[in-house]
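> Given the structure of chain F, go ahead and fit chain E onto it with the hints provided.
There are 2 protein chains.
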Amino acid sequence: MQHTVKALFFDVFGTLMDWRVSVAREARVSLEPLGHSLDWFALADAWRAEYQPAMEEIRSGRRPFSKLDTLHRENLERVLPRFGVSGLSEDVLAHLNLAWHRLAAWPDTAPGLVRLKRQYRIAPVSNGNISLMVDLARRNGLPWDAILGSEIAGSFKPQPRVYLAACAALDLPPVECMMVAAHSRDLAAAATHGLRTAHVARPNEHGEGRGEPAPTVPVDFAAADMEDLATKLGV
Amino acid sequence: MQHTVKALFFDVFGTLMDWRVSVAREARVSLEPLGHSLDWFALADAWRAEYQPAMEEIRSGRRPFSKLDTLHRENLERVLPRFGVSGLSEDVLAHLNLAWHRLAAWPDTAPGLVRLKRQYRIAPVSNGNISLMVDLARRNGLPWDAILGSEIAGSFKPQPRVYLAACAALDLPPVECMMVAAHSRDLAAAATHGLRTAHVARPNEHGEGRGEPAPTVPVDFAAADMEDLATKLGV
Numbered sequence: 094m095q096h097t098v099k100a101l102f103f104d105v106f107g108t109l110m111d112w113r114v115s116v117a118r119e120a121r122v123s124l125e126p127l128g129h130s131l132d133w134f135a136l137a138d139a140w141r142a143e144y145q146p147a148m149e150e151i152r153s154g155r156r157p158f159s160k161l162d163t164l165h166r167e168n169l170e171r172v173l174p175r176f177g178v179s180g181l182s183e184d185v186l187a188h189l190n191l192a193w194h195r196l197a198a199w200p201d202t203a204p205g206l207v208r209l210k211r212q213y214r215i216a217p218v219s220n221g222n223i224s225l226m227v228d229l230a231r232r233n234g235l236p237w238d239a240i241l242g243s244e245i246a247g248s249f250k251p252q253p254r255v256y257l258a259a260c261a262a263l264d265l266p267p268v269e270c271m272m273v274a275a276h277s278r279d280l281a282a283a284a285t286h287g288l289r290t291a292h293v294a295r296p297n298e299h300g301e302g303r304g305e306p307a308p309t310v311p312v313d314f315a316a317a318d319m320e321d322l323a324t325k326l327g328v
Numbered sequence: 094m095q096h097t098v099k100a101l102f103f104d105v106f107g108t109l110m111d112w113r114v115s116v117a118r119e120a121r122v123s124l125e126p127l128g129h130s131l132d133w134f135a136l137a138d139a140w141r142a143e144y145q146p147a148m149e150e151i152r153s154g155r156r157p158f159s160k161l162d163t164l165h166r167e168n169l170e171r172v173l174p175r176f177g178v179s180g181l182s183e184d185v186l187a188h189l190n191l192a193w194h195r196l197a198a199w200p201d202t203a204p205g206l207v208r209l210k211r212q213y214r215i216a217p218v219s220n221g222n223i224s225l226m227v228d229l230a231r232r233n234g235l236p237w238d239a240i241l242g243s244e245i246a247g248s249f250k251p252q253p254r255v256y257l258a259a260c261a262a263l264d265l266p267p268v269e270c271m272m273v274a275a276h277s278r279d280l281a282a283a284a285t286h287g288l289r290t291a292h293v294a295r296p297n298e299h300g301e302g303r304g305e306p307a308p309t310v311p312v313d314f315a316a317a318d319m320e321d322l323a324t325k326l327g328v
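From first to last, the protein sequence lines are chains F and E. For the first sequence, counting from 1, position 156 maps to 249 in this note's numbering; every step adds exactly one. For the second sequence, counting from 1, position 24 maps to 117 in this note's numbering; every step adds exactly one.
Calculated from the structure, these hints are not laboratory results. Treat the hints with caution; some may be incorrect.
As the list claims (entries may be wrong) - Pair ranges (Cβ atoms, derived):
| # | chain 1 | residue 1 | chain 2 | residue 2 | range |
| --- | --- | --- | --- | --- | --- |
| 1 | F | 306 | E | 171 | 53 to 59 Å |
| 2 | E | 153 | F | 310 | 47 to 53 Å |
| 3 | E | 188 | F | 324 | 15 to 21 Å |
| 4 | E | 266 | F | 287 | 36 to 42 Å |
| 5 | F | 310 | E | 309 | 58 to 64 Å |
| 6 | E | 304 | F | 157 | 42 to 48 Å |
| 7 | F | 254 | E | 155 | 34 to 40 Å |
| 8 | F | 171 | E | 309 | 51 to 57 Å |
| 9 | F | 310 | E | 266 | 24 to 30 Å |
| 10 | F | 97 | E | 155 | 36 to 42 Å |
| 11 | E | 167 | F | 211 | 31 to 37 Å |
A quick note: this is a predicted structure, and the numbers were derived from the prediction, not measured. Heads up, the beta-carbon is just placed ideally off N, CA and C, and yes, glycines get one too.
Extracted from the complex, chain F is given alone in its bound form (with noise of 0.2 Å):
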């Protein structure tokens, strides 16, 4: 390359983390005890399915920003009442909410960000908040820079200020950095604004073979995993 690339930008949901593994397992582990009996793994899906929706309300101006944090709740309340499950108190309510800040890495996301980290500057570029980043960094032993994405920007991806606020944020051009993704509409919004891209697959993130296992626009890397993604990049 001409530009020598000195930062990596990670999305942090589905590309680092197993959101529906550990989304499912937390609401099971909030709700069970409590007498509740559902497909977990539906209830999963249903409030991610959630997600987009919330952000656009903010991407398309009609809403200020909010952290993640609190578009999760509110569409925990929204997703809820559809299983059957109400009445939950204040305290369950907060914590339930909280399983994004306890999801599990994919096993080689630790190992694959250490290796990465020893030639570049790495940070998420994510649509969670900064509580959000440092709780699943500190379960996940994830080695960042500094946290980056959504928060300082103050919108969501794909908005363009997401990726140039953490461009800017390093003081490097967009050519010099990189957004590593498991979504390709993320890597296509990256390429848009200059920066380079990387693909990790996440075949299964979705549920067995529901996931992205090769992107499906043009990016500068295709990875199997964040290991082979180091490998890929020579460290």
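Positioned in the frame of chain F, the structure of chain E alone reads:
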């Protein structure tokens, strides 16, 4: 304490970093090979003396927020002629300005932070910009959970919003956050806004015997260095 402290916020220049010796060394490394001979410590002191007046222009509202790197550059160009230095190339000026990205930490800084991170979320709440904090962390092995401070808040300490934006980023009330600094002025401001405070003695910050050996304001903890603070906080 009635409220448990969950996060520690750190001042950086002086508190964690020996900026004076480092800047003097960096200036010498940059300028001596070009034939300049001067009092390198005096240059470091003069450069640093422009720091508060430059930020005050922004704190007062007379000027919009700029990253500290930008202020450092203006201050450098203001100070160099007093030492008979002129005609430096853009490359030399840019590299010299980044002397602040190449500071050495006091020897107790990294081991103290490693211990403190076991029990607390830790973040710099400095007037330095994000890229500066990232470079210092990478160079000195500082295991931050997040980079907070002036660039997140769009202002400089001791303005209230710098402290309060750091608390808000971690979803914590000020009473569950503790500001750690070698400067009583910083701690007094933090306490005014409800944060806990810890003083760390850096009696030689500005040269032998020219620093704060003890706080001049009431604080929750007063420590000899970062390792002593970890001990006093029971980690």
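> Please go over all the hints and tell whether each is borne out by the structure.
Against the structure, the hints:
Taken as a hint, the range 53 to 59 Å holds for the pair residue 306 of chain F and residue 171 of chain E, whose Cβ atoms sit roughly 57 Å apart. For residue 153 of chain E paired with residue 310 of chain F, a C-beta distance near 48 Å keeps the hint of 47 to 53 Å intact. A hinted range of 15 to 21 Å for the beta carbons of residue 188 of chain E and residue 324 of chain F is inconsistent with their spacing of about 33 Å. For residue 266 of chain E and residue 287 of chain F, the Cβ-Cβ distance of about 40 Å falls inside the hinted range of 36 to 42 Å, so the restraint holds.
Evaluation of the 58 to 64 Å hint for residue 310 of chain F and residue 309 of chain E yields a pass: the beta carbon distance comes to about 59 Å. In this structure the supplied range 42 to 48 Å holds for residue 304 of chain E paired with residue 157 of chain F, their Cβ-Cβ distance being about 44 Å. About 27 Å separates the C-beta atoms of residue 254 of chain F and residue 155 of chain E, a value inconsistent with the hinted range of 34 to 40 Å. The hinted range of 51 to 57 Å is satisfied by residue 171 of chain F and residue 309 of chain E, whose Cβ atoms lie roughly 53 Å apart.
Range check, residue 310 of chain F to residue 266 of chain E: Cβ separation about 44 Å, and the 24 to 30 Å hint is violated. Residue 97 of chain F and residue 155 of chain E have their C-beta atoms about 39 Å apart, which keeps the hinted 36 to 42 Å range intact. Checked against the hint of 31 to 37 Å, the pair residue 167 of chain E and residue 211 of chain F passes, with Cβ atoms roughly 35 Å apart.
Hint compliance for this structure: hints 3, 7, 9 are not met, and every other hint is.
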